[in-house]
Every structure is written in C-alpha cells, then in structure tokens.
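Engineer: Chain by chain, the residues run as shown.
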Amino acid sequence: MNENEKYFELKNLTKNFGGLRAVDNLSFSMEKNMVTGLIGPNGAGKTTTFNLISGFLQPEAGKIYFKNRDITGLPPHEVAKLGIARTFQDLRLFNKLTTLENVLLGMQDRRGESLWEAVTGGRRVNQSVKKDLERGMNLLDLVGLCDKAEELVENLAYGEQKLLALARLLASDADLLMLDEPTSGLPLGTVDEMLQLIRNLVKQGKTTLVIEHNMEAVMGISDWIIVLNFGGIIASGRPEQIQKNEDVIKIYLGL
Amino acid sequence: MEYIFYILIMVNTYIVLAVSLNLLLGFTGLISIAHAGFMAIGAYTTTIFLVRYGINFFLTIPLGILMAVAISALIAFPSLRVKGEHYIIASFGFQIIIYSILLNWVSLTRGPFGFAAIPRPTIFGYVFSTYFSYFIMSSVVMLACVAFCWHLSKSPFGLILKAIREDEISIAAAGKNVTYYKVVVFITGCAIAAVAGSLYAGVISFIDPFCFTVHDSIFILAVVIIGGTGNIAGSMVGAFVLITLPEILKFLQVSETVAGPLRQMIYGALLVLFMRFRPQGLLPEYKKR
Numbered sequence: 055m056n057e058n059e060k061y062f063e064l065k066n067l068t069k070n071f072g073g074l075r076a077v078d079n080l081s082f083s084m085e086k087n088m089v090t091g092l093i094g095p096n097g098a099g100k101t102t103t104f105n106l107i108s109g110f111l112q113p114e115a116g117k118i119y120f121k122n123r124d125i126t127g128l129p130p131h132e133v134a135k136l137g138i139a140r141t142f143q144d145l146r147l148f149n150k151l152t153t154l155e156n157v158l159l160g161m162q163d164r165r166g167e168s169l170w171e172a173v174t175g176g177r178r179v180n181q182s183v184k185k186d187l188e189r190g191m192n193l194l195d196l197v198g199l200c201d202k203a204e205e206l207v208e209n210l211a212y213g214e215q216k217l218l219a220l221a222r223l224l225a226s227d228a229d230l231l232m233l234d235e236p237t238s239g240l241p242l243g244t245v246d247e248m249l250q251l252i253r254n255l256v257k258q259g260k261t262t263l264v265i266e267h268n269m270e271a272v273m274g275i276s277d278w279i280i281v282l283n284f285g286g287i288i289a290s291g292r293p294e295q296i297q298k299n300e301d302v303i304k305i306y307l308g309l
Numbered sequence: 003m004e005y006i007f008y009i010l011i012m013v014n015t016y017i018v019l020a021v022s023l024n025l026l027l028g029f030t031g032l033i034s035i036a037h038a039g040f041m042a043i044g045a046y047t048t049t050i051f052l053v054r055y056g057i058n059f060f061l062t063i064p065l066g067i068l069m070a071v072a073i074s075a076l077i078a079f080p081s082l083r084v085k086g087e088h089y090i091i092a093s094f095g096f097q098i099i100i101y102s103i104l105l106n107w108v109s110l111t112r113g114p115f116g117f118a119a120i121p122r123p124t125i126f127g128y129v130f131s132t133y134f135s136y137f138i139m140s141s142v143v144m145l146a147c148v149a150f151c152w153h154l155s156k157s158p159f160g161l162i163l164k165a166i167r168e169d170e171i172s173i174a175a176a177g178k179n180v181t182y183y184k185v186v187v188f189i190t191g192c193a194i195a196a197v198a199g200s201l202y203a204g205v206i207s208f209i210d211p212f213c214f215t216v217h218d219s220i221f222i223l224a225v226v227i228i229g230g231t232g233n234i235a236g237s238m239v240g241a242f243v244l245i246t247l248p249e250i251l252k253f254l255q256v257s258e259t260v261a262g263p264l265r266q267m268i269y270g271a272l273l274v275l276f277m278r279f280r281p282q283g284l285l286p287e288y289k290k291r
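These protein sequence lines map, in sequence, to chains A and B. First residue of the first sequence? That's 55 in our numbering, and the numbers climb one at a time after it. First residue of the second sequence? That's 3 in our numbering, and the numbers climb one at a time after it.
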C-alpha cells in the first residue's frame, strides 16, 4: 500500500496566468489501478492541471512525481515517453491523415522513426512496421473503427473521432492515462460504449485520471473524486461521499 | 536536339530542388525561402574544388552535401525552435546572408565576377561533354534523390513529419520530439538541394551570386505548390511543367527582352490561378475518394 501511494503525486503545485491563480497550491496523489475523477466548475483549473502534468505548462511552484521520479519541468514528449498519455478536450487528431495513421502515431519507439532507420530500412524495419499495422488494426477493432481505417479523419463523425482519440491514446501503451472530457458531445449510445471502454482499461492495469462534466458518468466510473474550485481542492472522496457533500452541492447549484 | 536535352537537364535539376523542398514544405509544413541559397552552397563547393583544386566532379558532390549539412545545422538549431510564420522570415534572412557572403567574400567566391568556364564532369577519362550524356548522368542522380525522398516519405519517419505539419502540440503529446524532427528534415532537405546545385554548376559552366537570388527560392516554392504539396510525383510534374512551359515562348519567336519579364508574369499568373482554383496542386496528396 505504501508503495502504491507513491505511484503519482502532486505537491503544492501553483500556476498563475497574469494576475489569475489558475492552480493554487494543489496537492493530491493517485493510486495505481484506480480511476480518479477530476470535477469542478468551468475555470476551476482542471485542464490547467492536465497541461502542467503533461509538460505543456511549467508550474511556478510545486513538484510532480510519477513512480517516485520528479517529472516537474520535463518537456511534453519526455513525459509521454515515461508513460503518461493524455487526450485533449478538442481532440487534436491529425485530420488530413487516415484513421490508421493516427493510431500508428500514438505508438512509442516504432522502428523506422529515426532518420537512420528510415533510410537504411531493411527487412527488420519492414517486419516491425507490418506488426505495427496489425496492432493498429487491433486497436481500431477495440473501438469499432476497423472499417474506417483508410478513411481521412476529417471525414469521420464526431463520436468516431472521440473513439479514435482513445485508440491513439491506448496505442502509446502508457500506464497513466489522462482523459479530458471523454464523453462530452457524444450521442447517448456512444457514451455507454466510451464508459465501458474506460472501465475495461482498469482491468488491463491502467491508471486513469478523468476530467468530466457528465456527473452520472463520472460518479459511475470513478473510484475516487477530486473536486476543484478556483485552482484548489474543496473536497475529495468516494463518489457517494461527494454526492452528499454540501460544499460541492452548493457550487454545482450556484448557491 | 541538343537544346532539348539542355532543357531536360534543367528539369532534372529542379526536380531535385522541388522534391527536397517538398520534404520541408509539403510534409513538415516548414515554409523555407532559402532553398536557392543551399543550391548555391552545392554549386560553389563543386566549382571551387573543381576549378581551384582539380578534384573530380563526382567527389565534389559529397563535399557539397557536407558543406550544406554543416551550414544548415548551424542555422537549424537556433531557428527551428521558433514557430511557423517566424521561421519563414528567418529563412528569408538566411537566403540574404548566403547571397551576401557569395557576393562579398571575393577571395573565396570571386564575388560578382563569378566563375566562368567551369569544366565538364569526367569519370574514368570519359567527359560528359554533350548535353545528351549530361542528361543521362543527371537523370541517374535525380532518380537517386527522388528515390531517397520517396522512401523517407513512406517511412514511419515521414509519417511523423506529416503529423508535425498537422498539429505540433498533439504529436509532442504522443511522445515525439518535434525539434529533433524539424532539425533533421531541414538538414536533409538542404543537403539534397546542394546536390542540385552541383548538377547545375556542372552544366551551366558559369555561375555568379545572381544565379541564386531570393527570386529563385520563390520559383522553387512555386514549383512545389503548383506540383502539389505532400506529393513527391507532383514535384516532378511541377518542375517539368514550369521549366518547359516558358520554352514555348521561344517557338513563338518572342524576343529575349520581352521573354524574360513575360516568363515571370506567367509564373506569377500560374501561382495566383492555382491558389484560387486548385490549391492542392497538379497532383494532390490524397486521391479523392
């Protein structure tokens, strides 16, 4: 248990945008193999927290530890290489590339990605590329997009694009997954499909941090909920505790 | 007949230039207005070693590549950290700097006088003295460069370049070092442009800094855009069309004083028309489904 507690930890993280304190002395930790829900009103600092963890923003103060390693201030691609992968609220797929190509780009350390291997090529690289294609198709199968593999992403429906974003995330093989509003804008049927996929991730040994506005969804999938307001934590606990918390109810009802 | 082969040699040269710029512009989304400058580095390296030291033409080609790699690496590391639009301006600056150095470092480059009577390439005693033989030789070099770029564009490396063009933030989140890829592809593209410069110097027999101005850089840019960004074959077609098209003026017996400006107007009009009616170029990156 002691070891688990150190899986991921934020310590006194602070980020200002001009005069606005977006994240204020924020500390929390996550246990392995759990789904943690990050909720709070708009502007509470949820996405800023994601950007700080994934290296797109640098904190003014505080530390971020992943598996007991200080990852504060690392550039985004190095954070990703350590096994922390994220999705974006606005998806940020590669729209002029195909569905399959998008999944391939999520994979880490493919052969043929360096100039040298791309030039010298050879059978070993070709075989490895073939394996990547197979794995890419399996991931598309998982989210039900196999028949769209060769389609340009800009031609996909929004719900399909969201599922693809998840497939690209899974391709990374990261074990800490950060999902920014995975169900927003999805038609009802697809919401259930998405939630089922996220639940299955835990079974595969993934740890997940989810930003979500759909309360029913986030209460349903999370083991632990953290409520942010004005960049700080106002409550944390199991979903049933949060639902009864008076401070949280006040914020959400705007009282 | 020999004249036609001369034109085809120019086509080969510009195919090499366009295909290498396409790696930067079409695949990675790096708009560079310095390509004629790197062509000049190849042309001058070949000429200086050939004329001053009598080194064989075919050995000067790798020397030109090395020179372009060294200079583009020097430029790449500071400049490729800046964002898209700023890089266009920076590359414009490199073009001016390279041009000024060629013009003013007289002891090395002979400045505005340039080099005349550059000898024709030889190999094992054979002299490529006719345009026909030079055309065959340049075709081999051109095909090697095209095959190299095509191979790169189809590799996982090439896929990452396209992803950088689409969304730098997203590809960084996917664990790819964007700066590494930009630097590497920039150096590669500039090195291939130097090969084109060597081919050019070997056939034209006279070079001066005015062969490699910003106008030439923009012309190469036009070849890539009209041919089709992100499509290697498009750059080949684009080079063929834009080099041969003005030759029609010769058959119409237009005097040379009129033909020069007219050629510029044709290029300008083509660019405008393509931007308006076919921005994807002659051969688009993806076939319509």
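These are computed hints drawn from the structure, not numbers from a lab. No experiment lies behind these values; they were computed from the predicted model shown. Among the hints, erroneous ones may be present.
Below are the BS3-like pairs computed for lysine-lysine, each with C-alpha atoms no more than 27 Å apart in a straight line [said to hold, decoys possible]:
(1) B/K156 - B/K252
(2) A/K185 - A/K135
(3) A/K117 - A/K150
(4) B/K252 - A/K135
(5) A/K185 - A/K202
(6) B/K85 - A/K202
(7) A/K150 - B/K85
(8) A/K202 - A/K184
(9) A/K150 - A/K60
(10) A/K150 - A/K86
(11) B/K85 - A/K135
(12) A/K150 - B/K156
(13) A/K135 - A/K298
(14) B/K156 - A/K185
(15) B/K85 - A/K184
Engineer: With reference to the structure, classify each hint as holding or not holding.
Structural biologist: Hints, one by one, checked against the model:
1. B/K156 - B/K252: 40 Å, violated
2. A/K185 - A/K135: 20 Å, holds
3. A/K117 - A/K150: Cα-Cα ~37 Å, so violated.
4. B/K252 - A/K135: 59 Å, violated
5. A/K185 - A/K202: Holds, at roughly 19 Å.
6. B/K85 - A/K202: 33 Å, violated
7. A/K150 - B/K85: 20 Å, holds
8. A/K202 - A/K184: Status holds; Cα separation ~19 Å.
9. A/K150 - A/K60: Violated, because 41 Å separates the two Cα atoms, which is more than 27 Å.
10. A/K150 - A/K86: Violated, at about 36 Å.
11. B/K85 - A/K135: 23 Å, holds
12. A/K150 - B/K156: 15 Å, holds
13. A/K135 - A/K298: Judged against 27 Å, a Cα distance of about 39 Å means the pair is violated.
14. B/K156 - A/K185: 16 Å, holds
15. B/K85 - A/K184: Violated, because 34 Å separates the two Cα atoms, which is more than 27 Å.
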